[in-house]
Amino acid sequence: MTAAAPTDADLIAAHAAGDPHAFSELVRRHRDRLWAVALRTMRDPEEAADALQEAFISAFRAAGNFRAESQVTTWLHRIVVNACLDRIRRKQARPTVPLPETGFNEPASPRDSMSEKETSLLVREALNQLPDEQRAPIVLVDVEGYSVAETARMLGIAEGTVKSRCARGRSKLAKVLGHLRNPDANANVRPEDSKRMSATSETSRSVGRAHCSPRNGEER
Amino acid sequence: MTDESRGAGGTVGPPWSVDVLADLHAGVLDEREAAQLWPRVNADPEARTIIEALEATTADLSALAHEPAPPMPAAFAERLDQALAAESAARQAAPFPAAAPQGPPAAPVVDLAAARRRRNKRVGWSAGIVTAAAAAIVAVVLTVPGTSQQNGTPAVAARPPAGPSVGSDGSGAEALVGGAMGMRDFGPLGNEQRLDACVSAAGLNPDERPVGIRPVNVDGKAGVLVIYTTGQLAQFRIVGFGADCGPGHPDKLFDKVVGKK
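As given, the protein sequences belong to chains A and B, one line each in that order. Residues 1 to 220, numbered by my numbering, are exactly what the first sequence covers, in order. Residues 1001 to 1261, numbered by my numbering, are exactly what the second sequence covers, in order.
Rather than coming from a laboratory, the hints here were simulated on the basis of the structure. There could be a bad hint or two in this list.
Derived DEER-like restraints, expressed as beta-carbon distance ranges [as the list claims (entries may be wrong)]:
id: 1; chain 1: A; residue 1: Arg67; chain 2: B; residue 2: Ala1065; range: 20 to 30 Å
id: 2; chain 1: A; residue 1: Arg153; chain 2: B; residue 2: Arg1032; range: 49 to 59 Å
id: 3; chain 1: A; residue 1: Asp132; chain 2: B; residue 2: Pro1071; range: 19 to 29 Å
id: 4; chain 1: A; residue 1: Ala5; chain 2: B; residue 2: Ala1063; range: 48 to 58 Å
id: 5; chain 1: A; residue 1: Lys91; chain 2: B; residue 2: Ala1065; range: 16 to 26 Å
id: 6; chain 1: B; residue 1: Arg1184; chain 2: A; residue 2: Arg153; range: 35 to 45 Å
id: 7; chain 1: A; residue 1: Pro131; chain 2: B; residue 2: Arg1040; range: 28 to 38 Å
Where is the CB? At the ideal position from N, CA and C, for every residue including glycine.
Here chain A stands alone, though its shape is the one from the complex (with noise of 0.2 Å):
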């Protein structure tokens, strides 16, 4: 007989009844999806893969904790992300170092003449530059779209905190990745300093309403 490929809410049931396959199957249509989650959160892939492995093992172990109100993608995210920011605060004794104040103002190359892999490049290596308070909330916000009271709740600091925490980075981040090019974050920024004005002129028209992310209203 011949059947249709199960869900992934199929493979989780099935597991949870003891289907010794159904769970390696879960995983290998979602591995490398949640590896470039596990990627962006995280800033080495070693770390990114004992991240993905715990969030795999975790899941692996409660599946039958899952209920299918929410989608078993979004559930794995979850769990990834968690997985992740475990991690990271599990780092966080550990001394960190600060994005310097001055000094990385200018683009590694014209943003104009970069392809978007290029770009996508800059804008990883640039998250990277920030302290890990800031990134943690900026990639689950501005990356990852989770609004602002989840991400509050996963990383357990206050909504305000994680405004003010994207707010901060970002402000960094438009030095860093050419969209400002004052050095004094402090200091007023001519029009004519700022670069790419044009391609955001639409979209920022919309801005504050949005509030912290053009994605936090968006529910996981």
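Add chain B to chain A, keeping to what the hints say.
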């Protein structure tokens, strides 16, 4: 409001403070402050330039999530597979957590070093389990008390029916599959050698390791439920044997495939 340094308190108006505008953009300022500031920002090209730079930054960040996912490097993927195989073996060696509250807690992310230590300890027999599970079948061995015994196992045969009840045709046994995974309780048969003899007599392969064995009460008669996988996701084969089973006498009561069709 927060424990962070804030741009609020900086210059509000030309020349604009980037941090003040970043706070405004991020929703840090309270509603009253924001309501007063936005019209001024929107009317000032200098302020708009900064806001647009912040928007361009969030757009760059958002785009990261939509990039094609790179494949996980093979070395990491192999390590992950090994860890999950060990976890799977551990689950089969012990009652499934859903049926065994004493099992490890599910929600917290486990310590990786501890998981690796467990993996190393189990790697020897996990390989055997995983291999066997890939080709497994399910069998239910039923022992009927009061019937004749093979080679003197009267104490086993005399046991009263134990375990959950299923129909004489195995109806209801599928509901026991999840809870029986990982169990190795031979019940009235007593040991694995006896079960292997029953399995061989029924024409099944005794080298195919069951993924679960437990005693059941089949229509008032004592028995043992043995579970094998079929190689198909979410599908199992269950087979029932009577208490008389043994060399040359299968006493197989039922044999059916359950789960996903």
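Requested in this report: Could you work out which earlier hints the structure fails to respect and list their numbers in ascending sequence?
Outcome: Failing hints, ascending: 2, 4.
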